[in-house]
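Residue numbers (full-length UniProt numbering), protein chains in the order written: chain A, 1 to 233; chain B, 1 to 359; chain C, 1 to 739.
Just so you know, these hints were derived from the structure itself, not from any lab.
Because the structure is a prediction, the values reported are computed rather than measured.
Built from N, CA and C at the ideal position, the CB exists for glycine as well.
Check each hint, because a few of them may be wrong.
Chain C stretches covered by chain A per the calculated footprint, using a threshold of three residues with CB under 8 Å from any CB of chain A [said to hold, decoys possible]:
{"id": "1", "segment": "10-19"}
{"id": "2", "segment": "215-221"}
{"id": "3", "segment": "233-239"}
{"id": "4", "segment": "515-529"}
Cross-link-like lysine-lysine pairs, in silico, DSS-like; alpha carbons within 25 Å at most [said to hold, decoys possible]:
{"id": "5", "chain 1": "A", "residue 1": "Lys108", "chain 2": "C", "residue 2": "Lys726"}
{"id": "6", "chain 1": "A", "residue 1": "Lys106", "chain 2": "B", "residue 2": "Lys288"}
{"id": "7", "chain 1": "B", "residue 1": "Lys179", "chain 2": "A", "residue 2": "Lys106"}
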Amino acid sequence: MNTAFQGNEFFLDPSRCIGCKACVQACAECGTHRGQSMIHLEYVHRATGVQTAPVVCMHCEDPTCARVCPADAIKQDDHGIVHSAAKPRCVACSNCVIACPFGVPKMKVELDLMMKCDMCYDRTSVGKKPMCATVCPSGALYYGPRETIGNLRRETPVNEFQFGRQTVRTKVNIMTAPDVKALPFEVLDFLPWEGKDFDPFELSRPGAPDAASAAVWDDAGLGPRCSGNCTCH
Amino acid sequence: MRLPNRSAAIAGMVLTLGSAAAIFLGSHGLRDFDPALTGYAIGALMAAFAVGYRFLIWAQRPPARMYFKRGLELVFRPAGAAALAEKAPRQSMPLPHGAGTLGYALARNFVAQEFIRRRGGLRWIMHLCLSGGCTLAFAITFPLVFGWIHFESFADNAEMYRVAAFGVNVDSFSVHSFKAFVMFNLLNISALLVLVGLVLAAFRRLTDPGERATQSFAEDIVPLLLILAVTATGLALTVSYKFLAGRDHAIWAIVHMVSVVSLLLYIPFGKLFHMFQRTCSLCVSRYKRVGATGLRAHCRRCGEDYTSAMHVADLKTVLDELGFDYRFSGPQGEVHYQDICPACRRGLLALNQGRTIGR
Amino acid sequence: MAKLTLSEEQYIELYGPTPNRSPTYDFHDGEPDKLVKTHCCFCGVQCGIQLKVKYNKVIGFEPWDEFPVNQGKLCPKGVLRYMQNDHPDRLLSPLIRTEDGFRAAGWYESLNKTADSLKAIQDKHGKDAVAFLGGASMTNEKAYLNGKFARIALQTANIDYNGRLCMVSAGAANRMAFGVDRAANPWSDILLAKTIILTGTNLAECFPILTDYVWRARDNGAKIIVIDPRITPIGRTADLFLPVRPGRDSALANGILHVMIERGWTDEKFIAEHTHDFDKVRELVKKYTPEVTEKLSGVPAKNIIKAAEMWGPAETSMLLHARGIEHHTKGVENVLTYINLVLATGRIGKPGCGYGTITGQGNGQGGREHGQRCNQLPGGRDINKPEHRQFIADFWKIPEPELPKQGLTACEIIDAIERGEIKGLLSISINPLVSIPDSNRTRAALEKLEFFACIDFFLSETARYADVVLAGSLQEEDEGTVTTGEGRCVRLRNSVPPPVDARVDWWIIRELAKRLGKEKWFNYSKAEEIFDELAAASKGGPIDYSGMTYEKIENNMGIFWPCPAPEHPGTPRLFEGGKFHHPDGKAKFHAYEYRPPAEDVDVEYPIFFTTGRVVSQYLSGTQTRRIGALVDQYPEPLCEIHPLLATKLGIENRDMVKVSTRRGEITLPALVVQTIRPDTIFIPYHWAGKKAANQVTNRVLDPISKIPEFKVCACRLEKVAAPPAKANAAWPPVSLENK
């Protein structure tokens with residue numbers, strides 16, 4: 001147990017993610033996961049871009065998932081790691097899945113059991129790095145000493161999130177701009193609102209340019225210029 | 001922290017007094033009560049208090065309370081289930097039948113322990129051995145300890161035994177019969193079952209890298225050790241009495257009693273309490289069944305169906321009771337974070353992080 | 001006449017591809033017997049990895065943090081590479097073709113049949129009627145051995161390899177510009193660059209490990225310019241994204257150089273002292289004003305200027321390019337026009353300054369160095385240069401006239417088979433049916449072969465046409481070395497023996513040579529002997545390995561060539577001090593006018609078609625389509641279409657669409673996304689049969705490198721009447737309404 005973590009911390013920077021899924025595949029190799037992948041990685045919105053969202057468990061200081069568990073099945077250990085549901089207790093109610101602010105717990109329907117990222121406890125507890133952060137080829141997932149990442153990156157780590165009125169502090173850090181002390185979790189800007197036309201193709205945001213707007217191309221050349229030998233018009 | 005929880009204390013007292021009354025009445029006003037088993041009986045009464053107290057403490061916590069409340073409503077007032085599921089298109093729930101019944105759920109989840117089989121074959125056998133062996137042993141010893149069942153040799157024929165249940169003679173048999181062999185050895189049989197389970201459990205705890213990493217002594221090893229102690233000392237009694245002409249029998253009897261009482265007192269405080277907590281799963285499966293046919297919750301962002309509307313509404317209540325407030329408000333309007341599906345929450349993490357650094 | 005004797009379904013049932021989903025042993029099957037420090041078999045990074053071995057099977061992996069290039073990092077292919085071992089589709093013995101499929105056969109019969117059949121064809125139709133096709137996923141030892149075998153045992157001129165579909169444009173351009181074919185810098189120089197151009201490289205998906213280098217460079221303040229018709233994951237957050245119209249790369253590079261010259265961002269001193277022919281380039285690019293270039297390339301003029309502003313005055317810079325600019329009938333010209341950008345600034349041969357090529361194949365670099373190509377002899381020697389021919393003839397102790405002359409390149413070999421000029425084929429680790437353009441013609445050619453023998457570990461789609469299949473070895477079943485994309489020669493370790501009756505490849509080649517009467521040239525008893533021989537053969541050549549040994553490579557975690565002497569430490573960075581490898585020590589500029597692709601869009605075929613890769617698949621998918629979790633990641637090809645184009649054609653996301661060109665057609669689901677130019681569609685190429693993108697691509701070759709034009713042709717697109725396809729992981733539902 002003395003070898004656990006050794007001053008290392010987990011740092012998440014989704015902006016570096018390339019969506020390759022090395023983490024997803026490697027996660028399933030971890031001994032505590034038994035072939036099940038616990039990390040999440042999905043396109044944010046493939047229609048408009050290739051941005052992907054890798055999400056590991058943030059290991060909240062006061063885990064909402066554990067508090068909403070009716071069966072006391074989710075335990076946080078002395079290192080602050082929030083573990084998968086205890087098998088004898090979990091009643092597969094999915095409260096944790098629906099309540100987690102980061103969308104982390106996974107309900108394994110076939111096992112009647114909630115499983116979640118436990119920071120590769122079998123590895124980190126003996127001084128190894130978690131699988132996902134070891135293999136991640138983009139540095140989106142990083143595990144190491146705080147000083148090291150401080151020297152490497154321009155972004156700085158925070159472990160506080162503001163979800164509307166709720167402040168959530170976590171063990172895992174997220175990289176953000178140096179002046180940000182708590183990551184503002186804005187939701188309203190990213191939702192469709194009544195009376196406002198919500199065209200997914202016009203969902204503009206930083207980092208997801210439209211190839212058409214960056215290019216010069218001939219509108220007349222598209223499609224209808226066809227000779228009529230095909231059925232395209 | 002409040003002072004000792006009153007309703008929990010009452011529940012503990014009720015369970016204790018109830019047990020005491022059951023002992024008194026079941027043993028014919030203590031006539032059939034075996035004084036040698038007094039220690040066990042006192043241990044059982046103490047455990048009853050602790051279980052009752054602990055159960056209520058747990059069941060009062062907002063999430064468990066919500067499920068028990070809903071579960072009771074759904075089981076006893078099936079017609080009202082539709083109302084609970086937020087005016088689902090289906091007007092009334094059909095009365096439970098077949099796979100929907102409580103009996104089915106009990107058989108599937110408590111007797112056959114189907115869900116454990118799906119988590120692993122060997123695990124399932126291990127758990128069946130442990131739970132089956134323990135249940136069998138308790139099913140024999142509690143009635144004996146409480147004096148509900150009483151064995152007595154005929155006054156005229158020491159070879160013949162009479163069985164009395166609640167003071168009424170129900171059976172008699174010869175000590176040389178097969179029935180007698182089974183009767184007298186049922187505890188040993190249950191002990192052997194438990195031993196098989198213990199060996200399998202020990203193997204798993206020693207070899208499975210995942211278990212080895214996450215198990216803790218107090219939570220996972222202590223209950224196994226306690227069960228082992230009870231089983232081993234129980235078998236030691238048999239050995240002493242059968243093969244060693246009762247040598248050290250008195251000592252073993254005391255050690256066995258101590259181990260049994262320790263196990264009983266451990267139940268409410270550790271891993272083994274799950275046998276009571278799993279009652280919640282009955283409510284949950286009913287809840288999910290009703291939720292699946294009732295009104296669904298659609299993600300405020302992507303429109304996807306992600307759970308039942310009842311579940312979202314109940315969780316909002318539970319979160320409020322727990323002191324969490326995931327509400328957002330701005331010029332556009334108000335949103336509760338529970339109205340956004342988990343996948344969109346993950347996407348929003350990337351979007352918000354990207355926005356702070358312009359990517 | 002090698003027609004298929006079974007149905008597609010029957011082949012799949014018997015030989016796969018079967019997606020392997022569970023490891024041989026359970027995930028918690030205790031401790032492995034050993035951990036073998038070796039390398040991943042997919043792509044030219046050659047990431048260090050430790051394979052877990054138990055009961056002589058590879059059962060898993062453990063990251064190898066100490067290997068300096070990837071430091072434990074892996075892409076999903078690397079994570080799951082172990083699942084190719086002990087695979088249900090693995091060929092366990094030689095196979096001989098029968099009336100209905102194949103039968104298992106012994107080595108004696110199979111080798112004799114192969115040697116006799118090839119000999120019979122050669123006796124009747126001449127030596128060159130038999131061709132040899134190799135691969136660039138194999139070790140340096142095998143690349144050397146293939147060349148030697150073709151020239152000494154088969155005595156055919158027609159030996160080439162699948163690097164002809166991959167690396168040759170870069171190789172030819174490097175030789176023309178610098179006199180040597182290697183990336184100029186170790187990857188670690190990326191970290192020191194202040195401006196990085198990534199052109200025609202989907203780096204994050206094809207060379208994922210380098211993503212970290214690029215991001216770390218950005219952490220150090222670098223500006224990233226990505227040039228691609230698609231917004232790839234590395235392009236999404238680039239500082240400047242130039243969505244070039246397919247086939248217009250040389251115009252764009254000329255346009256950027258125009259601005260640089262105009263603004264005075266050239267290093268005239270360096271140009272004068274270390275290069276030739278800049279004047280021709282200066283003259284040529286005069287007319288490539290931003291406006292002209294915008295018209296040609298489809299990149300806005302202001303962004304062309306911006307690119308020049310980022311690249312021109314930068315303190316240090318790296319150019320990284322890949323097939324996006326190389327897979328063209330002007331692939332060599334494209335590369336040379338980009339190299340002009342490097343040479344004009346003089347930023348080469350210094351820390352953080354230079355260029356690199358993303359090598360898609362496992363041994364993309366080493367596979368092209370040791371004489372596996374029709375125009376090359378070991379040590380990177382030129383088969384047309386008398387002194388080079390003499391050196392190798394002497395080294396092999398054969399008379400120089402017996403050494404075959406330059407033969408046909410890979411695509412030309414397939415063409416010659418189709419014309420009936422080549423009648424016999426021996427191939428190893430190549431799947432031309434999937435990888436060569438215009439696959440309908442490739443199929444027709446394979447059907448015409450009189451005899452076809454194939455060495456492979458799985459029965460690839462091409463191998464179904466073989467008369468004899470010789471069960472060879474997977475990468476982890478043999479010793480050897482590979483040379484990575486940065487020119488670092490690394491050591492592969494034998495982790496497990498080939499299963500049952502499969503054999504290591506060099507043993508098969510040796511036995512064939514024996515039967516062709518050339519035993520004394522091939523008397524190897526282990527791979528190390530072949531390495532020592534190839535190192536000696538390279539002595540004094542352009543690609544010099546002569547100072548390397550297995551031990552030295554292991555001790556240093558790889559040695560960069562040239563390494564001409566035992567005490568030489570190797571050469572991570574080339575051209576230091578502005579010394580290039582042409583005889584006069586100078587580099588050459590090349591002035592190339594932009595010219596259109598072989599097939600440009602027109603009224604009949606109005607849309608650009610381009611191909612590429614996805615991160616979860618490797619080359620023709622012979623290995624990766626057999627690994628279940630990788631298949632799940634991107635199960636089938638999808639056609640990327642911009643919503644503007646899709647709307648005009650009435651196509652919605654998930655609709656089935658038909659893409660047709662003058663050569664063929666493919667029907668597949670549409671993926672409507674804003675990440676591609678509206679005038680272009682994209683299909684990844686890893687699949688076979690009806691799912692093969694190469695059914696529609698254009699087999700027209702670059703005149704110098706003979707690389708085919710995979711990256712641009714003209715197509716038309718239409719919606720077909722079929723139910724919309726189901727969504728999957730590669731392809732989540734994309735409209736918010738039905739997510």
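Outcome of the hint check:
1. With 0 residues bearing a CB less than 8 Å from a CB of chain A, the segment 10-19 of chain C misses the requirement of three and the coverage assertion fails.
2. Only when three residues or more bring their CB closer than 8 Å to a CB of chain A does the claim for the segment 215-221 of chain C stand; here the count is 3, and the claim holds.
3. For the segment 233-239 of chain C, the stated coverage by chain A is satisfied: 4 residues place a CB nearer than 8 Å to a CB of that chain, which reaches the threshold of 3.
4. Here the segment 515-529 of chain C counts 0 residues with a CB under 8 Å from a CB of chain A, which misses the bar of 3, and the coverage is violated.
5. Note on Lys108 of chain A and Lys726 of chain C: the hinted pairing holds, with a Cα-Cα distance of about 23 Å set against a maximum of 25 Å.
6. Between Lys106 of chain A and Lys288 of chain B the alpha-carbon distance is near 16 Å, which keeps this suggested pair within the 25 Å criterion.
7. Taking the CA atoms of Lys179 of chain B and Lys106 of chain A, the gap is near 51 Å; set against the 25 Å cutoff, the hint is violated.
In terms of the numbered hints stated before, the structure departs from hints 1, 4 and 7, listed from lowest to highest.
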